[in-house]
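J.: The primary structure of each chain is shown beneath.
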Amino acid sequence: MSATVSGFWPRLFALLLLSMTAAANLARADLSVEVIGGGSNRYPVAIVPLQGESLLPEAITATVKSDLAMTGAFSLLEAGAGDALAAPAQLNAAAWQQRGARAVVYGKLVSLGGGRVRLTFWVDTVSPREQKLSAEFDLAPEQLRDMAHRMADMVYEALLGEKSLFSSRIAYITQSGKEYRLQIADMDGRRAQTVLRSRQPIMSPAWSPDGTRLAYVSFEQQKPVIYVQDLVSGQRRVLANFRGSNSAPVWSPDGRRLAVVLTTSGNSQVYLINADGGGVQRFSYSDAIDTEPAFSPDGRQIVFVSDRSGSPQLYVQALDGGRNARRVTFEGNYNVSPTFSPDGRQIAYVRREGGRFKVMLLDLASGDNRLISNSAFDESPSFAPNGKMVLYASEEGGRSVLYAAATAYPGRVRLGTLGGQVQDPAWGPFNP
Amino acid sequence: MKKSPFIAVIAAALLAACASNQAPVAGNAPAATAPSAPSVATVDVTGSEPALQGGRVSAAQLAAAVKAAPDQRSAQALLNGHSVYFDFDQSVVKDDQRGVVEGNAAFLNRFSSKVLVQGNTDARGSREYNLALGQRRAESVKQSLEVLGVKPAQIEAVSFGKEKPRAEGDSEAAHAENRRADFAYPQ
Chain A
1 MSATVSGFWP RLFALLLLSM TAAANLARAD LSVEVIGGGS NRYPVAIVPL QGESLLPEAI
61 TATVKSDLAM TGAFSLLEAG AGDALAAPAQ LNAAAWQQRG ARAVVYGKLV SLGGGRVRLT
121 FWVDTVSPRE QKLSAEFDLA PEQLRDMAHR MADMVYEALL GEKSLFSSRI AYITQSGKEY
181 RLQIADMDGR RAQTVLRSRQ PIMSPAWSPD GTRLAYVSFE QQKPVIYVQD LVSGQRRVLA
241 NFRGSNSAPV WSPDGRRLAV VLTTSGNSQV YLINADGGGV QRFSYSDAID TEPAFSPDGR
301 QIVFVSDRSG SPQLYVQALD GGRNARRVTF EGNYNVSPTF SPDGRQIAYV RREGGRFKVM
361 LLDLASGDNR LISNSAFDES PSFAPNGKMV LYASEEGGRS VLYAAATAYP GRVRLGTLGG
421 QVQDPAWGPF NP
Chain B
1 MKKSPFIAVI AAALLAACAS NQAPVAGNAP AATAPSAPSV ATVDVTGSEP ALQGGRVSAA
61 QLAAAVKAAP DQRSAQALLN GHSVYFDFDQ SVVKDDQRGV VEGNAAFLNR FSSKVLVQGN
121 TDARGSREYN LALGQRRAES VKQSLEVLGV KPAQIEAVSF GKEKPRAEGD SEAAHAENRR
181 ADFAYPQ
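Residue numbers (the UniProt record's numbering), protein chains in the order written: chain A, 1 to 432; chain B, 1 to 187.
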């Protein structure tokens, strides 16, 4: 593992400023993170508070710790301000090994004036002592949270040798009284921003693969109509408003078209439509309900729900393979809401069993099904872009909440709300 | 929309630059800067919707009353608050619900109006699968109307799924109230 990441150094480059012109309407309804459980084989790491962190209006270390903790992949050792280190030469590797650490993350902040700071940090393993990472960034105050997620990504990748997930965002719907909002937030639920506000329901948000647009279903025209909206400009247009209902949009991996559900045949069927709204083409053929399509990551297959057998089950159909759909669920009489893992090997979905709705993972090669959620009403699973966690909506005490479950560890994280209902979560791609 | 490819390109360049393998920091090199996630614009489409009013004529007498009504406005008022109810997981229009369908068919045949048939489900299960179940109920009502002589072009069957429950809560009575199809006429 160490060999693959020891050469990971951030490249230095000149400061590029992106001017943000869009009028952002910030909703202060942040979600809070609570970690529940965790794996027994977690990586013990000490995140030492950055020297000089009191300079900052917002601590970086706390966000790095909560990011790493929520994956379930790490156990975080106690480290206080007295442990702060300003240079690799100050690291007492033997002492940290005694305290149970396999790696130590440490660094410093130096003021550059005008509110700007220089962050320098290192990641060292203690036995054998090896520097995995050294990095330096110049930061304006508004970049601190992005930097914290970025630092967590770099630590995650340096220690685990796999792609991280903290620089990604989630979309979800909130309902408060008669007001519905489509919002996006950082993957930890912080910094929520409202994308659409409506007095009519909104559902099924779907990220474009480049993370710049959302497709969603809105009922503002007294029927379900699919829209596509650019996140930065707020510009939106109708993607599909055919006679009947238009729903369940999902983007192909190349972003050139979407799978949607239309009812022009008199029943709900899966169609393909170009991202500009043209080129509508029927994909599924049954006289039953076919809905909730999702593309495989290679774009060559679609999994969808059909009750053609008498109960809703999952089917996989190739895009170039005629009309043959292969049934992939055989246990239970209610299997819905499928989505492929980023590596294409698994499908997360929801099964109803004994009146409970559970998030399951289907391994396509073995056909094994594994439970990953544990409440009574879990729905709408979506994978993190690195496949290591699954986000889903749940219900507690009559209120809806979001959870993220690790796929390789028993850990789970609750993204609690401050009020109203939160539903239909969708984990976005890696931030550009 | 025009702005996004530009931002995506710059951001991709930032990411690519960050991820490549390079020599460690030299003392006087310019330091790297973390990109900020772009803020987003909010679209507001909040508006109002007409409320349903309670029905005054029983379902069984609805068709006769619609035929006898003096004008379209008063005939339409008779239909307000009448819905077609369904059994759990079913989309068949039951015999005891036929009066409501016949009343709406009488109206559509007499005034050649258009109608939106809106299918609904109870709150259990997947939102999208429920949307499809509600659609099946709306289509079932649409077919019943067509059997009674209403032209297909007059009827659009749509679904609200479980998104607009009339009754809140998890009681069986609330579920039963939400398993229904409504008729929405142009105002």
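Some clues are possibly wrong.
Unchecked claim - Facing chain B, from chain A, some residues (calculated, C-beta under 10 Å):
#1 L76
#2 Q193
#3 I202
#4 V217
#5 P224
#6 Y285
#7 S309
#8 G355
#9 G398
#10 V401
#11 D424
Unchecked claim - A few chain B residues that don't get close to chain A, going by computed Cβ distances all over 10 Å:
#12 A65
#13 N80
#14 G125
#15 A157
Stated by the list, open to error - Listed next, with one range per pair, are the computed distances between beta-carbon atoms:
#16 B:E172 x A:E353: 16 to 26 Å
#17 B:K164 x A:G322: 54 to 64 Å
#18 A:A408 x B:V147: 54 to 64 Å
It is worth saying that the hints were derived from the structure and are not from the lab.
From the three backbone atoms N, C-alpha and C, an ideal C-beta is built for every residue, glycine too.
J.: Now tell me, hint by hint, if it's right for this structure.
T.: To see whether the hints hold, each was checked on the structure:
1. The criterion of a C-beta within 10 Å of any C-beta in chain B is not met by A:L76, whose closest approach is roughly 22 Å, and the hint is violated.
2. Taking 10 Å as the C-beta cut-off, the interface hint given for A:Q193 holds, the closest approach to chain B being about 5 Å.
3. Using the Cβ-Cβ criterion of 10 Å, the hint placing A:I202 at the interface with chain B is satisfied: the shortest such distance is roughly 9 Å.
4. Here the hint on A:V217 is kept, as its CB sits about 8 Å from the closest CB of chain B, short of 10 Å.
5. Proximity of A:P224 to chain B holds as hinted, the smallest CB-CB distance being about 7 Å (cut-off 10 Å).
6. A least Cβ separation of about 15 Å between A:Y285 and chain B goes past the 10 Å threshold, and the interface hint is therefore violated.
7. Given the 10 Å rule on beta carbons, the hint for A:S309 is violated: about 14 Å separates it from the nearest Cβ of chain B.
8. Interface hint status for A:G355: upheld, as the beta-carbon distance to the closest one in chain B is roughly 8 Å, under 10 Å.
9. Because the smallest distance between the Cβ of A:G398 and any Cβ of chain B comes to about 8 Å, under 10 Å, the interface hint for this residue holds.
10. The interface hint given for A:V401 is broken, as the beta carbon of that residue sits about 16 Å from the closest beta carbon of chain B, more than 10 Å.
11. For the restraint placing A:D424 at the interface with chain B, the shortest Cβ-Cβ distance is roughly 7 Å, inside the 10 Å limit, so the hint holds.
12. For B:A65, the condition that its CB be more than 10 Å from all CB atoms of chain A holds, with the nearest at approximately 26 Å.
13. Every C-beta of chain A lies more than 10 Å from that of B:N80, the closest at about 16 Å, which supports listing it as non-interface.
14. The beta carbon of B:G125 is not kept farther than 10 Å from every beta carbon of chain A, the shortest such distance being approximately 7 Å.
15. With 10 Å as the threshold on Cβ separation, the claim that B:A157 sits away from chain A is violated: the shortest Cβ distance comes to roughly 6 Å.
16. Restraint check, B:E172 to A:E353: a C-beta distance of roughly 20 Å satisfies the suggested window 16 to 26 Å.
17. Distance hint for B:K164 and A:G322: a CB-CB separation of about 38 Å, inconsistent with the stated range 54 to 64 Å.
18. Checked against the given bound of 54 to 64 Å, the beta carbons of A:A408 and B:V147, roughly 56 Å apart, stay inside it.
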